[in-house]
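Keeping the supplied structure of chain L fixed, place chain R upon it in accordance with the hints.
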Amino acid sequence: MMPIAESEVRWVKPPTLGLLDRLYLPAIAQGLGTTIKHVFQPKVTQQFPEERPDLPANYRGLHRLNRDADGRVKCVACYMCSTACPARCIDIVAAPSPWPDREKYPEMFVIDELRCIYCGMCEQACPCDAIELTSMFDLTGLSREEMMFDKEKLLSVFDQSVAMGKDPVRTRAGALSCASEPNV
Amino acid sequence: MDPDLAVDPRLAPVQESFDGALRTHRRKLQDRKDTKDDGFMAVVYINDQPVDIGSERLNLIQAAQKAGVFIPHYCWHPALSVVASCRMCLVEVGEKKPDGTIAMQPRVVPACQTPAKDATVCLTNSEKAKNAQANTLESLLLNHPLDCPVCDKAGECKLQDFSYGFGHSTSRMVDPKNTPPNKPDIGERISLFTDRCIMCSRCVRFTREISGSAELMVSNRGHHSEIDIFPGEPVNNKLAGNVVDLCPVGALANKDFLYKQRVWFLKTQASVCAGCSTGCSIQVDHNKDVVHRIRPRENPLAQGQFICDEGRFDYAYVNGAERFDRPLSGQAFLPAGAAGQQEYLPLEPMTWENAIPAVRGELAKAAKENGAALAGVISPMLTVEEAFLFAKFIKGLSSDARLYLGWVPRVGKDEQFPQDRHGNPLGAVKFTIRAEKCPNRRGVEEVLKHFQGEVLGFDQMLTDAARLEALYLTAAYPPRLGAWLTDEQTQTLARIPLLVVQDLAPTPISERARFVLPAATFAEKDGCFVNHANLAQQLHRAVRPGAIGRTEGQIFLNLLDRRGLIQAKAVREELAREVPFFAALDGNLGEFGVKLS
Numbered sequence: 153m154m155p156i157a158e159s160e161v162r163w164v165k166p167p168t169l170g171l172l173d174r175l176y177l178p179a180i181a182q183g184l185g186t187t188i189k190h191v192f193q194p195k196v197t198q199q200f201p202e203e204r205p206d207l208p209a210n211y212r213g214l215h216r217l218n219r220d221a222d223g224r225v226k227c228v229a230c231y232m233c234s235t236a237c238p239a240r241c242i243d244i245v246a247a248p249s250p251w252p253d254r255e256k257y258p259e260m261f262v263i264d265e266l267r268c269i270y271c272g273m274c275e276q277a278c279p280c281d282a283i284e285l286t287s288m289f290d291l292t293g294l295s296r297e298e299m300m301f302d303k304e305k306l307l308s309v310f311d312q313s314v315a316m317g318k319d320p321v322r323t324r325a326g327a328l329s330c331a332s333e334p335n336v
Numbered sequence: 007m008d009p010d011l012a013v014d015p016r017l018a019p020v021q022e023s024f025d026g027a028l029r030t031h032r033r034k035l036q037d038r039k040d041t042k043d044d045g046f047m048a049v050v051y052i053n054d055q056p057v058d059i060g061s062e063r064l065n066l067i068q069a070a071q072k073a074g075v076f077i078p079h080y081c082w083h084p085a086l087s088v089v090a091s092c093r094m095c096l097v098e099v100g101e102k103k104p105d106g107t108i109a110m111q112p113r114v115v116p117a118c119q120t121p122a123k124d125a126t127v128c129l130t131n132s133e134k135a136k137n138a139q140a141n142t143l144e145s146l147l148l149n150h151p152l153d154c155p156v157c158d159k160a161g162e163c164k165l166q167d168f169s170y171g172f173g174h175s176t177s178r179m180v181d182p183k184n185t186p187p188n189k190p191d192i193g194e195r196i197s198l199f200t201d202r203c204i205m206c207s208r209c210v211r212f213t214r215e216i217s218g219s220a221e222l223m224v225s226n227r228g229h230h231s232e233i234d235i236f237p238g239e240p241v242n243n244k245l246a247g248n249v250v251d252l253c254p255v256g257a258l259a260n261k262d263f264l265y266k267q268r269v270w271f272l273k274t275q276a277s278v279c280a281g282c283s284t285g286c287s288i289q290v291d292h293n294k295d296v297v298h299r300i301r302p303r304e305n306p307l308a309q310g311q312f313i314c315d316e317g318r319f320d321y322a323y324v325n326g327a328e329r330f331d332r333p334l335s336g337q338a339f340l341p342a343g344a345a346g347q348q349e350y351l352p353l354e355p356m357t358w359e360n361a362i363p364a365v366r367g368e369l370a371k372a373a374k375e376n377g378a379a380l381a382g383v384i385s386p387m388l389t390v391e392e393a394f395l396f397a398k399f400i401k402g403l404s405s406d407a408r409l410y411l412g413w414v415p416r417v418g419k420d421e422q423f424p425q426d427r428h429g430n431p432l433g434a435v436k437f438t439i440r441a442e443k444c445p446n447r448r449g450v451e452e453v454l455k456h457f458q459g460e461v462l463g464f465d466q467m468l469t470d471a472a473r474l475e476a477l478y479l480t481a482a483y484p485p486r487l488g489a490w491l492t493d494e495q496t497q498t499l500a501r502i503p504l505l506v507v508q509d510l511a512p513t514p515i516s517e518r519a520r521f522v523l524p525a526a527t528f529a530e531k532d533g534c535f536v537n538h539a540n541l542a543q544q545l546h547r548a549v550r551p552g553a554i555g556r557t558e559g560q561i562f563l564n565l566l567d568r569r570g571l572i573q574a575k576a577v578r579e580e581l582a583r584e585v586p587f588f589a590a591l592d593g594n595l596g597e598f599g600v601k602l603s
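Taken in sequence, the protein lines are chains L and R.
Take 153 as the starting number for the first sequence in this note's numbering and just add one per residue.
Take 7 as the starting number for the second sequence in this note's numbering and just add one per residue.
One chain only, chain R, in its complex shape:
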């Protein structure tokens, strides 16, 4: 240890605070003898601020985060391996020796690659560190085209943010910039603006470590390195969209969103993906009641950092023009001379003021005549609150009425990542796309168990259909899943005299219904979904369900003859009081949701 370094005047505040922190540290050690790691706690000093990181294995970026100090970084990402290639996180690092002196390393080192050890001293705001960061930025910007006005990333670009926060305002580059040609066909849904790339290689590591498909690589060397694909192997894996989110600059673009909106016009709402039973946490970006983009929201309890492309790109139906936006009534008639084959008049629009009493009245009449011939089908696309209100309504009409679980769509098998190009698993599972393409089977099942003690499946309902007089069928399956009733099944159900269908868009069964009520998508309602592992997560309304649309929850509330607008939280509290399984759902579920047991 060089004692001269210890008298460096810049380090005086560090030393002062160190002595105090050491005392606190020792006191804490005495207080917390019962912790499982023998009370060992590491203390790291970030800009003279002591941080107790316990026994966690962190790098200096994460340790600084705990101190509320942000160290800028491009290539480092918590879910990917460390390469320390962007050099943006350069900091000064030293060590506090047991005798109280501080020895600083003479050079700056990348914080992402430096483990936070006990008594590590890290300076992020010293002259040396600030110079290193500014010079790194100048170097990264040497060949960057600065075409922010036409770049989709502008507004959420790390290069913009860090240039503003840590960079120089001018560049000393006088030579013409490298302008490698763009690669618009790097993937079916992804486009590469090669000249904007800063070579952080996050995308390359993602395809190698998370998706496993390894389509991306770095070609050429030095200033001529480029991100590229292997010839004829575009990035079309099922997690490919994540490379766009990972890209800290505007190099990788989402073709689906390209030039649709500037990001500062978008409003963001936290929601849950309704694509499969994994129930990924998502952000719904919307503007003027149109959903423009779906992005992952980090949730360690649900899926981690990423989402699959099915969830990311399958939102067009939310904005679809063919959706029902008002209640409709239909009528069957027997054409003269025909032998009993029913025909159907086109559906007539109704007002809500007429539709709600009509549906309630006809169902009540059917329940009075024969309660056992009344049935309700709860779609696993509904939220827990909606399922609860619906079950209350049907069971309230007649305790003999039966409730069935709606069709549970299953497509293929669960897909686990990383997997190689042949679909073989590679190492520990980091992401799963589930075969069950609905978000809330578990929640609906528990509601059904509460109301009738058993879960009757959709097939059971089709078997029982012959003796049914009245059926309330909820659906709301995204169109990606295709027709969910065969022609034969449609015929079977169409024979039921009082058929109420609640769906997103016209289907053969809705054309034969006595009443059609509009359904809402995940982006349009509040509530919660229970995923495959019993994690209840809250979704929030992002856009309005059409001009005069109502969500299912609102319709059920009206059918129950309760006043006012639906308050998912109030319904959830009622549910938590009445159904023991959901007891933990009292109130708000927080960012990550609540695990039910």
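Extracted from the complex, chain L is given alone in its bound form:
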């Protein structure tokens, strides 16, 4: 690369400040003016947390594990979500199910909410509409362990979000998926 010739360099000096500028008082008054003007104007910021945002239905927030009509976990532990997950944050341990109408269920289902990137691929991959993303977004915790949401926690998110009424079960509510035995 060619070096820049001295003739091509243009030196710019900052403008010199006059007496008024150096006093700063006019600038302060101007700033205060802007502040006072906005005190009397209508508010445009949302007053979180007193005021909750009205999120669209396809907002991708905290996960929940849906329940079937009998209140049992709907998931059949097929691992499709953990296979699809680009962040590798879903950990499942499957076991033979204790119920006669299906063969397999998740003995353990843990989502690392800190590792999750909330892309919603798990929801898309789920063949039995058992995992869904809710509009809850303000989840907090004091430790990393606390942010590993297990099956019970994710089911309680379902109960909470349904009670809130903001996240209706979008898919075939209650119905078991094709991955269960139809007539037993």
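It should be emphasised that the hints constitute simulated quantities derived from the structure, not laboratory data.
No experiment lies behind these values; they were computed from the predicted model shown.
A virtual CB, placed ideally from N, CA and C, is assigned to each residue, including glycine.
A couple of the hints might just be wrong.
To give a feel for the contact side, a few chain L residues facing chain R, derived at Cβ under 8 Å [stated by the list, open to error]:
hint: 1; residue: V228
hint: 2; residue: C230
hint: 3; residue: Y231
hint: 4; residue: M232
hint: 5; residue: A246
hint: 6; residue: A247
hint: 7; residue: P252
hint: 8; residue: E255
hint: 9; residue: K256
hint: 10; residue: Q276
hint: 11; residue: P279
hint: 12; residue: C280
Same frame as chain L, now just chain R:
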């Protein structure tokens, strides 16, 4: 012959290529007059592609395989009889007449049942054949529950693969599907998901033709046929696990593996079973350093297509929590007031940096004092490379030191299959489970012969134990074999002042050792085993030997004061140069291994 068929425009490329192939065929006939079958070579045409099948007796599936064309099939298996019941391999078949015309049969026929003859023409991609295959799949899927999300076979299921490759995307079935109840107790280790079955009857033929025990049968008829057992006779024969591999769908499941992993998470490594001296070729399926499943790997030189249940299911010790993962040092002391009876302090963990020089130093000191009182025992569970390095190390300390062959476990008698329920042989032997439950006695023996001219057995070592001052004992026997030293033998060996024990898990003898070094299993190391028939086969590392574990080969390399990580191939090349018996082991041994003479 109908001349109208010959002008079928679909067959034009077949005819064109035929003329060329016939010319090549005749030329080859002239070139190969010296072959033992009088130079006769059959040429089969698979989708206008001529294939020279020589004088082999093949069906059209196998002939097509030679042409690189895959004909989908469920019921046909190279090791089982032909039933042509699944109808998946339907193809169009015809014959090329000597005058150059082609006569096609008007109907589709199963390729598995059609012998490949000279001038047979087989179309697998014609409209008729493709329709037949797609319609067969639709029929097979009529009652299939499509519960792939919870089916263990998903990912390696032939029904999935063929539906994707050859099937329709929809089903016209409107009636409710048959859902016969599952049979989870069809065998101790096998479960039957009856509704997923496509009635290929591979499992039934396996129990009749290979294991001979004939526990399985087809009950009921038509759409209500089911695989079942005879009442009170579950599939518990010693080869039963193979029916799970044979099942092309998820009907037969391995209870040991059921719901443990989805198959696409598994990584596969080619290895050799360490269960007996047959040395079956296996696949080790593992994920995150845990072995999840053992499957057979086809090897015509070793065992064929199958493996026994002992080899298939006895891998839990590889993942066992009680295994040694670091070197330990022990100390004996004489308690005050006791009359000479030694007691032992609990074993203390050591770092590798301390352990290797300590073991080497103490053994060298013992060898210097009295070389003839130093001995090493080479377990037949070790690979050839490890045995070679170990022998080098012991003989390097003192040429008077003696090497012994480790305990060779023998359980019962060789078992040959097929055998009936009373254990009587049925016809030609198709599989053998050997009584000698170690993989590498032959290899270790040859190493011993090279280093000291004779093979001294384990019993000889026990006899000589009284005059030994130092003993390096390698073991690594799987826990299934139980205690391999009696209390009396343990007492005898515990008297040796410098005892180095290398084993998988704590045993009475390891608690009385001066040093304990961890051993590795077949799944954790590279190397080769020599089976009963002198077939040397290569095993590859699948999982790591614990967090800070080292394989025996690595430890021997360190004891020999050689640098770096163990490279089994380099050691094998050194072995091939130095020991004439192993001369053929130079380099990689390939998929099936190398026969030594």
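Evaluation of the provided hints:
1. V228: With a minimum Cβ separation of about 5 Å from chain R (threshold 8 Å), the hint on V228 of chain L holds.
2. C230: The hint holds - C230 of chain L has a Cβ within 8 Å of chain R, the shortest such distance being about 3 Å.
3. Y231: holds (5 Å)
4. M232: holds (7 Å)
5. A246: holds (4 Å)
6. A247: holds (6 Å)
7. P252: violated (10 Å)
8. E255: With a minimum Cβ separation of about 5 Å from chain R (threshold 8 Å), the hint on E255 of chain L holds.
9. K256: holds (4 Å)
10. Q276: violated (14 Å)
11. P279: holds (5 Å)
12. C280: holds (7 Å)
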